[in-house]
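From first to last, the protein sequence lines are chains A and B.
Per this note's numbering, the very first residue in the first sequence carries number 1; after that it's consecutive.
Per this note's numbering, the very first residue in the second sequence carries number 1; after that it's consecutive.
What the hints contain is simulated information worked out from the structure, not anything from laboratory work.
Careful: at least some of the hints might be erroneous.
[Stated by the list, open to error] Within a straight-line C-alpha distance of at most 30 Å, the following computed DSBU-like cross-link-like pairs (lysine-lysine) qualify:
| id | chain 1 | residue 1 | chain 2 | residue 2 |
| --- | --- | --- | --- | --- |
| 1 | B | LYS362 | B | LYS377 |
| 2 | A | LYS18 | A | LYS58 |
| 3 | B | LYS97 | A | LYS97 |
| 4 | B | LYS85 | A | LYS97 |
| 5 | B | LYS154 | B | LYS90 |
| 6 | A | LYS97 | B | LYS131 |
| 7 | B | LYS131 | B | LYS154 |
| 8 | A | LYS18 | B | LYS85 |
| 9 | A | LYS74 | B | LYS112 |
| 10 | B | LYS90 | A | LYS97 |
| 11 | A | LYS97 | B | LYS154 |
| 12 | B | LYS116 | A | LYS18 |
| 13 | B | LYS323 | B | LYS362 |
| 14 | B | LYS403 | B | LYS287 |
| 15 | A | LYS97 | A | LYS74 |
| 16 | A | LYS97 | B | LYS112 |
| 17 | A | LYS18 | B | LYS112 |
| 18 | A | LYS18 | B | LYS323 |
[Unchecked claim] Where chain A lies over chain B, by a calculated footprint (3+ residues, C-beta under 8 Å):
| id | region |
| --- | --- |
| 19 | 6-16 |
| 20 | 51-59 |
| 21 | 116-125 |
| 22 | 154-164 |
| 23 | 367-378 |
A quick note: this is a predicted structure, and the numbers were derived from the prediction, not measured.
Every residue gets a Cβ at the ideal spot worked out from N, C-alpha and C, and that includes glycine.
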Amino acid sequence: MESTLPAVAEELLREIKKAFQETSQGRDLAFFRLKFVFGPSAVPALDLVDQRSVTRVKSPSGRTTYQVLGSSGKLYTCFGSCHFCTCPAFGFSVLQKSESLLCKHILAVYLSRALGACQELSVSEEQFSSILLAEEDDDA
Amino acid sequence: LCRGGLAERLCRLQNRERSAISFWRHQCLSDAKIASDESGVLIVKILEIFEECTIQVAICQQLEKSPATLSSQDTAISAREPILKVLFAKETAAHLKTRPQDVIHIYPPWQKLLLKNADVPVIMNTYFSQKVLLSDHSEATEKTYSLTKMLIRKNIISLAQTFRLDDLDDELHQEPSANQVACVPLLHNNCDSKHQSAVNDSLLEMVESQGAVGWREVQVQVVIQRVYCLPAREGYRSHVQGNKPLWMFCRLCLLVQDAYGMFSEVQLHSLSSADEMEQYCRRWEGKFCCLAGMKILQRTTRGRALGLFSLIDSLWPPVVPVKVPGQSQDHEMMTTNHPPPSFCYILTVQSGEIRVEVDEEKPVSNLYQPAAVLGLKEILQIDGCNQRCSFWARVLYIRVQAKHSVPVNQREIWLFVSDSTLQDVAHITPKVVAVSVAASCVLSTEITEALSATSQLVFFKDALWGNGRIICVERTVLLLQKPLLCSAAGADLSELTGPVRLDELDSTTQANSICTVRGTVVGVNESTAFSWPTCDRCGNGKLELCPQDRRQLYCSQCSEVVISPVLKMQLEIFLSCPSQTRRIVKVKVWHKMSFGVLSIERLGSYEVQSVLGKEVGLLNCYVHSVTSHPDCVMLEEIVLL
Chain A
1 MESTLPAVAE
11 ELLREIKKAF
21 QETSQGRDLA
31 FFRLKFVFGP
41 SAVPALDLVD
51 QRSVTRVKSP
61 SGRTTYQVLG
71 SSGKLYTCFG
81 SCHFCTCPAF
91 GFSVLQKSES
101 LLCKHILAVY
111 LSRALGACQE
121 LSVSEEQFSS
131 ILLAEEDDDA
Chain B
1 LCRGGLAERL
11 CRLQNRERSA
21 ISFWRHQCLS
31 DAKIASDESG
41 VLIVKILEIF
51 EECTIQVAIC
61 QQLEKSPATL
71 SSQDTAISAR
81 EPILKVLFAK
91 ETAAHLKTRP
101 QDVIHIYPPW
111 QKLLLKNADV
121 PVIMNTYFSQ
131 KVLLSDHSEA
141 TEKTYSLTKM
151 LIRKNIISLA
161 QTFRLDDLDD
171 ELHQEPSANQ
181 VACVPLLHNN
191 CDSKHQSAVN
201 DSLLEMVESQ
211 GAVGWREVQV
221 QVVIQRVYCL
231 PAREGYRSHV
241 QGNKPLWMFC
251 RLCLLVQDAY
261 GMFSEVQLHS
271 LSSADEMEQY
281 CRRWEGKFCC
291 LAGMKILQRT
301 TRGRALGLFS
311 LIDSLWPPVV
321 PVKVPGQSQD
331 HEMMTTNHPP
341 PSFCYILTVQ
351 SGEIRVEVDE
361 EKPVSNLYQP
371 AAVLGLKEIL
381 QIDGCNQRCS
391 FWARVLYIRV
401 QAKHSVPVNQ
411 REIWLFVSDS
421 TLQDVAHITP
431 KVVAVSVAAS
441 CVLSTEITEA
451 LSATSQLVFF
461 KDALWGNGRI
471 ICVERTVLLL
481 QKPLLCSAAG
491 ADLSELTGPV
501 RLDELDSTTQ
511 ANSICTVRGT
521 VVGVNESTAF
531 SWPTCDRCGN
541 GKLELCPQDR
551 RQLYCSQCSE
561 VVISPVLKMQ
571 LEIFLSCPSQ
581 TRRIVKVKVW
591 HKMSFGVLSI
601 ERLGSYEVQS
611 VLGKEVGLLN
621 CYVHSVTSHP
631 DCVMLEEIVL
641 L
């Protein structure tokens, strides 16, 4: 059977993007719906958006990835081409237990994109590669 | 959580919801029956269940009538009844103990979602759901169901699928990015008719009435007092590539003031070119501006944002009377007695569309306070700390912090400057002042290139004076062009009437300053002598050996072999200065002319005896260090710009 939740999540995020151009009631409703699907990740993800923690990182060749400054001060990398995040919660809840669709960082990336709250950063190709390959260092 | 942020808002909604759900459930248990014909109640019969990420997805048939009227034998699924996908949260599903064939009543406020390219509507927010027991189901049967643990198929969601937020692919931005394109046409004067509403003149009122999520509907009119740029957040410093200039990681910011005298810092877009800031500065300062579509980033206070408030203090008190909230506006009150503000809202762009409309045609507002230009002599006499000051000065010499661990674009720069107030009058004040430019002060490429080329006349706007030093920090702007609205006195101060004079080395000379020195050579520090070849084309001092022919030298900057390298020399000499009889004055000389005076053509082939006793001076020097034990001064010969 085809999965349902991803299509639902995508539609809700589009809704959030549209709702922000309208009244506050539209926004509250969009949040209400979002909370239902994303559960405990919703509020922390919005908090990350409030703090403008998401940066879209670009390389000269056009590659894109996202970096999120987590609440602990650690910088996590979220891929743009698939759902992947370097945070431990992703490894546990999403990969291992399939309990969540996304971790709060990936959700924060989507919300920041929908609300235009992404910071922008352009780096060199070399810097970009080191960002993608840097996971091992974060555990230190 | 950020006060006034989206997360806080959702939290409040959630808390309200939670208490409503538990109240409702409590009510349900005590009620015998629930009327099933309440408007808005959805009645469904579960056909199939599976689980996705702890949410239960139930394929259901929507029932028109209460199931009590249906016979339990009627298991045939009517093709006319619509199919729905109902989502149940983990807690709800556990409470309901959902099974296929169950009939569930779903009470408002459930939500319906129609997916594109899908026929089956999705029902969510089903917190208020209750299972209806059909009359001929005995309690025993129900108990049996709950004993057997029902295995519900779990769908594993693929990670390869990402969400598209837009019909257009907005992930790959072309330069300039969509964010920046939206910013560039900021000068349209016609108001968007969708957001037509009265223009307000109070920032505070807007902030308090609209809340953090944004002021889409209302516009606020303010005066732009200052334009500058601020570097990006600290979290990204580690990824700032050392070679890229700081302006690439900066956002354009405005310090605005409303009719009530209240200030706000508005953070706009990233800069797409270094000169952008200067242009906006020139075109926008002092003008009226309508803000819309802003959101509150932060409410900051004096204690937390000293830099911002030192700038606000320099603009206080307002030059024209400002309105006082609550008073009748017929007679406006003077606010000279009021203390400067103790808090300030930092606003930012809410979403892709920025609505900052600056009326460039209209003349400058009366509320605008241009930077008060002072002479350097006056500034050095200011009593107090953390005062913003503005001045014109000629840059005579530049020194960059030598720490190699710090990336080039974050190094502190020292500019040695002077103006006519210091040069023309014989006084106890120094002739030249060192201005420190911190890494947080954003310099445009035009300025950095111009500064390194020749002696420049620079306007330092809103530099910080304190503890006997002038520093350029965040919100300080360095400009080459003369701004239109400077007080006229500033125009003449910077023109130096004669050649630049430096203070001569004396007992008050401090480290990190420049001075002149003259004296007689009394010694040569041979251990410091060395010479090296430089490229005759570009002056590159780091030549390499040619890989093909190791007898030849190669310049990597010119990418060519250096046929006739220019030999540079460096030597430390000891001077006896007329006024400094007991002091050891060490001077590192490297200039061709100095070697000419010393009659040294080549190091290693001169007689120390012939150098001793030579008269040297006046040399312009940078003071590396001044020590008292031993009484010694270390100087380095310099060339003024």
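Verification of the supplied hints:
1. A distance of roughly 36 Å separates the Cα atoms of LYS362 of chain B and LYS377 of chain B; the hinted pair therefore is violated under the 30 Å criterion.
2. Restraint check: the Cα-Cα separation between LYS18 of chain A and LYS58 of chain A comes to about 25 Å, which is no more than 30 Å; the hinted pair holds.
3. Between the alpha carbons of LYS97 of chain B and LYS97 of chain A the distance comes to roughly 22 Å, so the proposed pair stays at or under 30 Å and holds.
4. The straight-line distance between the Cα atoms of LYS85 of chain B and LYS97 of chain A is roughly 24 Å, inside the 30 Å bound, and the hint therefore holds.
5. Only pairs whose Cα atoms come within 30 Å are accepted, and LYS154 of chain B paired with LYS90 of chain B is accepted, the gap being roughly 13 Å.
6. Distance restraint check for LYS97 of chain A and LYS131 of chain B: the Cα-Cα separation of roughly 29 Å lies within the 30 Å cut-off, and the hinted pair is therefore satisfied.
7. Proximity of LYS131 of chain B to LYS154 of chain B is assessed by CA-CA distance (about 22 Å); at most 30 Å being required, the pair is judged to hold.
8. Taken as a hint, the LYS18 of chain A and LYS85 of chain B pair is honoured in the structure, with Cα atoms around 24 Å apart against an allowance of 30 Å.
9. Under the criterion of a C-alpha separation no larger than 30 Å, the hint pairing LYS74 of chain A with LYS112 of chain B is inconsistent with the structure, at around 38 Å.
10. As the CA atoms of LYS90 of chain B and LYS97 of chain A are separated by approximately 15 Å, the hinted pair is consistent with the 30 Å bound.
11. Proximity of LYS97 of chain A to LYS154 of chain B is assessed by CA-CA distance (about 11 Å); at most 30 Å being required, the pair is judged to hold.
12. The suggested pairing of LYS116 of chain B with LYS18 of chain A holds, with an alpha-carbon distance near 15 Å, which does not exceed 30 Å.
13. Between LYS323 of chain B and LYS362 of chain B the CA atoms are separated by roughly 22 Å; this keeps the pair inside 30 Å, and the hint holds.
14. For the proposed pair LYS403 of chain B and LYS287 of chain B, the alpha carbon gap of about 42 Å is over 30 Å, so the pair is violated.
15. Straight-line distance between C-alpha atoms of LYS97 of chain A and LYS74 of chain A comes to about 23 Å, which keeps the hinted pair within the 30 Å bound.
16. Pair hint LYS97 of chain A plus LYS112 of chain B holds up; C-alpha atoms about 28 Å apart against a cutoff of 30 Å.
17. At most 30 Å may separate the alpha-carbon atoms for a hinted pair to count; LYS18 of chain A and LYS112 of chain B meet this at roughly 17 Å.
18. Distance hint between LYS18 of chain A and LYS323 of chain B is unfulfilled; the C-alpha atoms sit about 38 Å from each other, more than 30 Å.
19. A count of 8 residues in the region 6-16 of chain B with a Cβ less than 8 Å from any Cβ of chain A is obtained; the coverage claim is therefore met, three being the minimum.
20. Evaluation of the coverage hint for the region 51-59 of chain B: fulfilled, as 5 residues show C-beta separations to chain A shorter than 8 Å, against a requirement of three.
21. Judged by the Cβ-Cβ criterion of 8 Å, the region 116-125 of chain B is covered by chain A as claimed, because 5 of its residues qualify and three suffice.
22. Remark: the region 154-164 of chain B is confirmed as covered by chain A, as 11 of its residues place a Cβ nearer than 8 Å to a Cβ of that chain, reaching the required three.
23. Proximity of the region 367-378 of chain B to chain A, defined as three or more residues with a beta carbon under 8 Å from a beta carbon of that chain, is not established by the 0 residues found.
In summary, the structure is inconsistent with hints 1, 9, 14, 18 and 23 from the numbered list given earlier, while agreeing with the others.
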